[in-house]
Amino acid sequence: MEPEIKPENFEALKLHTMFIAMVIRNAMEDFHCKYLSDAQMKELNPIIRNAVFTALYAQQTMLKSERSLDFVNSNIEMVPNYWEQPEFLKGFKT
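So in our numbering, spot 9 of the sequence shown is number 9, and the numbers just go up one at a time.
FYI, nobody ran anything at the bench for these hints, they're computed from the structure. For every residue, glycine included, the Cβ atom is placed at its ideal position computed from N, Cα and C. Among the clues, some could well be false.
[Said to hold, decoys possible] Below, in silico cross-link-like pairs of lysine-lysine (DSSO-like), each with a Cα-Cα straight-line distance of 30 Å or less:
hint: 1; residue 1: K93; residue 2: K6
hint: 2; residue 1: K14; residue 2: K42
hint: 3; residue 1: K42; residue 2: K90
hint: 4; residue 1: K64; residue 2: K14
hint: 5; residue 1: K34; residue 2: K90
hint: 6; residue 1: K93; residue 2: K34
hint: 7; residue 1: K14; residue 2: K90
hint: 8; residue 1: K90; residue 2: K6
[To be verified] Pairwise CB distance ranges (calculated):
hint: 9; residue 1: M22; residue 2: R67; range: 23 to 29 Å
hint: 10; residue 1: V79; residue 2: N50; range: 18 to 24 Å
hint: 11; residue 1: E84; residue 2: A39; range: 27 to 33 Å
hint: 12; residue 1: H16; residue 2: S65; range: 17 to 23 Å
hint: 13; residue 1: S37; residue 2: K6; range: 36 to 42 Å
hint: 14; residue 1: K64; residue 2: S37; range: 40 to 46 Å
hint: 15; residue 1: T94; residue 2: A12; range: 22 to 28 Å
hint: 16; residue 1: K93; residue 2: D70; range: 35 to 41 Å
hint: 17; residue 1: P7; residue 2: Y82; range: 23 to 29 Å
Please model the entire structure based on the sequences and the hints provided.
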């Protein structure tokens with residue numbers, strides 16, 4: 001598959017993905033300690049990274065790619081009404 005964005009933007013997208021995945025991983029640390037083994041976390045981390053990367057890529061390319069637009073729209077439609085609105089993580093000062 002050819003990237004639908006410039007190579008330098010593709011690399012920046014990968015770095016952005018790693019940053020977001022690390023924030024997610026750190027936010028899950030207490031949950032990990034209580035409920036997940038290191039082996040389970042090792043399996044979960046790439047799932048999170050790949051999902052974040054796919055979501056960011058689709059969002060960034062949805063105006064150029066019908067596949068990306070369909071992916072974004074179908075996932076937005078799946079968001080249940082009962083989900084809470086996002087909040088800043090504890091410890092993050094605004």
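Taking the CB of T94 and the CB of A12, does the distance hold inside 22 to 28 Å?
25 Å, holds
Compare the distance between the alpha carbons of K93 and K6 with 30 Å, and conclude whether the hinted pair is satisfied.
Answer violated: K93 to K6 is near 34 Å, above 30 Å.
If you check the beta carbons of H16 and S65, does the distance land in 17 to 23 Å?
About 18 Å separates the Cβ atoms of H16 and S65, which means 17 to 23 Å holds.
Whether the CB-CB distance between P7 and Y82 falls inside 23 to 29 Å:
41 Å, violated
Does the structure keep K14 and K90 at a Cα separation of 30 Å or less?
26 Å, holds
Take the C-alpha atoms of K93 and K34, compute the straight-line distance between them, and say whether it is at most 30 Å.
Holds, at about 26 Å.
CA of K64 to CA of K14, is that 30 Å or under?
19 Å, holds
Look at the Cβ atoms of K93 and D70 and judge whether their distance stays inside 35 to 41 Å.
For K93 and D70 the Cβ distance comes to about 38 Å; the hint holds.
30 Å Cα cutoff - pair K14, K42:
19 Å, holds
Given the hinted pair K42 and K90, is their alpha-carbon gap at most 30 Å?
The given pair, whose Cα atoms are some 24 Å apart, holds under the 30 Å limit.
Is the distance from the Cβ of M22 to the Cβ of R67 consistent with 23 to 29 Å?
For M22 and R67 the Cβ distance comes to about 28 Å; the hint holds.
That 18 to 24 Å hint for V79 and N50 (C-beta), does it hold up?
19 Å, holds
Going down the numbered hints, you'll see the structure goes against 1, 8, 17, while the others check out.
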